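*Asks:* As a plain string of letters, each chain reads:
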Amino acid sequence: MTAGPKLEVRNLNAWFGKTQALKNIGLGVRANSVLAIIGPSGCGKSTFVRCLNRMHELTPGARSEGVVLLDGHDIYSGVDPVSLRRRVGMVFQRPNVFPTLSIRDNVLAGLRLNRVKADYDAVVEKMLKQTALWDEVKDRLRSSAVSLSGGQQQRLCIARALAVAPEVLLMDEPASALDPIATAKIEELIDELKAQYTIIIVTHNMQQAIRVSDDTAFFYMGELIEHGTTKNIFTNPTRKQTEDYVTGRFG
Amino acid sequence: MIEPSLTTSINLNRSLWTAPGSFRRRQLANHLMTGLCGLMVLLALLPLSSVLWLVFSRGLPALSLSFFTQLPAPVGEVGGGIGNALVGTLYMVGFASLFGIPIGIGAGIFLAERGEGPYGRTVRLMAEVLAGVPSIVTGVVAYGLVVVTMRRFSAFAGACALAILMIPTLARSTEEMIRLVPQGLREASLALGVPAWKTSLFVILRTAMSGVVNAALLAIARAAGETAPLLFTALNNQYWNFRPDQPTASVTVQIYNYAISPYEDWHQKAWGAALCLLLLVGGLSVLARLLPRKRT
Chain A
1 MTAGPKLEVR NLNAWFGKTQ ALKNIGLGVR ANSVLAIIGP SGCGKSTFVR
51 CLNRMHELTP GARSEGVVLL DGHDIYSGVD PVSLRRRVGM VFQRPNVFPT
101 LSIRDNVLAG LRLNRVKADY DAVVEKMLKQ TALWDEVKDR LRSSAVSLSG
151 GQQQRLCIAR ALAVAPEVLL MDEPASALDP IATAKIEELI DELKAQYTII
201 IVTHNMQQAI RVSDDTAFFY MGELIEHGTT KNIFTNPTRK QTEDYVTGRF
251 G
Chain B
1 MIEPSLTTSI NLNRSLWTAP GSFRRRQLAN HLMTGLCGLM VLLALLPLSS
51 VLWLVFSRGL PALSLSFFTQ LPAPVGEVGG GIGNALVGTL YMVGFASLFG
101 IPIGIGAGIF LAERGEGPYG RTVRLMAEVL AGVPSIVTGV VAYGLVVVTM
151 RRFSAFAGAC ALAILMIPTL ARSTEEMIRL VPQGLREASL ALGVPAWKTS
201 LFVILRTAMS GVVNAALLAI ARAAGETAPL LFTALNNQYW NFRPDQPTAS
251 VTVQIYNYAI SPYEDWHQKA WGAALCLLLL VGGLSVLARL LPRKRT
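As they're listed, the protein sequences go chains A and B.
Residues 1 to 251, numbered by our numbering, are exactly what the first sequence covers, in order.
Residues 1 to 296, numbered by our numbering, are exactly what the second sequence covers, in order.
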């Protein structure tokens, strides 16, 4: 394994029309670590992760500039965004299972639509076991995905994202629409998944950031205020704004 | 801090409830308006029920096996049927669907997915204008374009006219159905590394499919019930015809011809044919309503 970070961001700027959403962001993410992105609403957290798999540019009027290196190669020069997204998977805020497909077909959607041949039964079992969903759904793999609860749907979305074998997993507030028990399951899952994947998770919940992440980046008004180990950010922040935010004085 | 305002609002509610005069008055007004709405519903149902009653009571006696299978009989002869007209309607509507449904749905996908630019806006405006064109005008256009060019009335010309009628409404309703699909599904698919065109076809359209099938069935039902566009495109035919380049009978034109004739026997047949058409079109509409429910 190379010494460099899995993902490195340099001078990243992003705009929605004329509004600048990200200003000169630079940070690195180690392989097999969990980076939490925290900050108040509208600070650019979601925009930041959406720049990492080039989903940001799909919004009409949105654009970005800067360098994002995945294993040392810039994802913004000479890389097809479609194939990039197979390497950098994403889980969204609200569970977005495909409502017309069964549980099994949801897991396989990425493989099938990309015409990847595999032992589908084995993939389904492996992914559902990895997301701790197997025991709950193994007897009804052919029933509709919308018959699952919200938390189960979100874990199904994670299984679906993992089935295309990404290296990096972006999670945009994956537990914000879930109850505490479902949230706990997702957090346990993140802890297990980091053995195989590099994870970047956006969260509004600072306790969650403390529980799941190795490093934390604090964003405010489109700027990266502070980035360091989670322990340092929460116990010994160097910037006043960070301290105010993590101690709950604003945001 | 919140409590005082909370209690005053509760008191306010209670005083409204306990004021006897105003409660009576509101109760009375409620009953009056509900009754009025019920009356309006009955009035609105009156035309429908009278249509159904008339068509069934006069049409049913005309129906028999030979009515569905035989050619029209010459004036004065008893018997005969509308077999060729039924086949002609199904044939032309089927033919029209062959062009109309793919073009209509394709245009709808385009409008929903890429319809934001000036070109998309123009297409949407054109579809709206085309949907508002009276069907007889569509018939005239098909006459000018197809009948004059081919120098003959034909099933093909009739099918063209029907297809032109189907396209704009189908395009707009397909667009509506696709726009109902949550944006999150598109993002989910794109984030899996699925190309945009596959996302449109296999995720978005698939999710909207029951609605689109519904719209297509309604478009077929509408085309099957049209008379005006067929009058001078497919014309009519007293015999069986399966060739696209020949004049063809249709149920609607047959009803028109029978109804304006002076013969009692033909009037009877017009009612019978009207009943057939009603069952065909009504059946399609009911099917369109039932289909999506079955899916879920």
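Since the hints were made in silico from the structure, they are not lab data.
Being a predicted model, the structure only gives us computed values, none of them experimental.
Hints are supplied without guarantee of correctness; some may be wrong.
[Claimed, not checked] So the derived label-pair ranges between C-beta atoms look like this:
| no. | chain 1 | residue 1 | chain 2 | residue 2 | range |
| --- | --- | --- | --- | --- | --- |
| 1 | B | 116 | A | 139 | 42 to 52 Å |
| 2 | B | 183 | A | 134 | 48 to 58 Å |
| 3 | A | 231 | B | 116 | 40 to 50 Å |
| 4 | A | 139 | B | 133 | 47 to 57 Å |
| 5 | B | 29 | A | 223 | 28 to 38 Å |
| 6 | B | 39 | A | 181 | 23 to 33 Å |
| 7 | A | 60 | B | 126 | 47 to 57 Å |
| 8 | A | 177 | B | 133 | 26 to 36 Å |
| 9 | B | 130 | A | 57 | 54 to 64 Å |
| 10 | B | 133 | A | 147 | 44 to 54 Å |
| 11 | B | 116 | A | 83 | 31 to 41 Å |
| 12 | B | 182 | A | 63 | 18 to 28 Å |
| 13 | A | 77 | B | 290 | 23 to 33 Å |
[Claimed, not checked] Which residues of chain B face chain A? A partial, calculated answer using Cβ under 7 Å:
| no. | residue |
| --- | --- |
| 14 | 194 |
| 15 | 201 |
| 16 | 222 |
Idealized CB from N, CA, C, for every residue including glycine.
*Asks:* Honestly, do residue 133 (chain B) and residue 147 (chain A) meet the 44 to 54 Å range at C-beta?
*Replies:* holds, 45 Å
*Asks:* Per the CB criterion, is residue 222 (chain B) less than 7 Å away from chain A?
*Replies:* violated, 27 Å
*Asks:* Take a look at whether the Cβ-Cβ distance between residue 77 (chain A) and residue 290 (chain B) falls inside 23 to 33 Å.
*Replies:* violated, 54 Å
*Asks:* Could one say that the CB atoms of residue 183 (chain B) and residue 134 (chain A) fall in the range 48 to 58 Å?
*Replies:* With a Cβ separation near 30 Å, residue 183 (chain B) and residue 134 (chain A) fall outside 48 to 58 Å, so the hint is violated.
*Asks:* So the hint says 42 to 52 Å: do the beta-carbon atoms of residue 116 (chain B) and residue 139 (chain A) match that?
*Replies:* Since the Cβ atoms of residue 116 (chain B) and residue 139 (chain A) sit about 45 Å apart, the hinted range of 42 to 52 Å holds.
*Asks:* Assuming the hint says 31 to 41 Å, is it satisfied by the Cβ distance from residue 116 (chain B) to residue 83 (chain A) or not?
*Replies:* violated, 26 Å
*Asks:* Return holds or violated for the Cβ distance of residue 139 (chain A) and residue 133 (chain B) against the range 47 to 57 Å.
*Replies:* holds, 56 Å
*Asks:* Given the range 54 to 64 Å, decide if the beta-carbon distance of residue 130 (chain B) to residue 57 (chain A) lies inside it.
*Replies:* violated, 35 Å
*Asks:* Given a cut of 7 Å on the nearest C-beta pair, is the interface hint for residue 194 (chain B) held or broken against chain A?
*Replies:* Hint on residue 194 (chain B): holds, closest Cβ of chain A at ~4 Å, below 7 Å.
*Asks:* Taking the Cβ atom of residue 60 (chain A) and the Cβ atom of residue 126 (chain B), is their distance within the range 47 to 57 Å?
*Replies:* Between residue 60 (chain A) and residue 126 (chain B), where Cβ atoms are some 23 Å apart, the hint is violated.
*Asks:* Please check whether residue 39 (chain B) and residue 181 (chain A) have a Cβ separation lying inside 23 to 33 Å.
*Replies:* violated, 54 Å
*Asks:* Is 18 to 28 Å a correct range for the gap between the Cβ atoms of residue 182 (chain B) and residue 63 (chain A)?
*Replies:* holds, 25 Å
Going through the hint list in order, the structure does not satisfy hints 2, 5, 6, 7, 8, 9, 11, 13, 15, 16.
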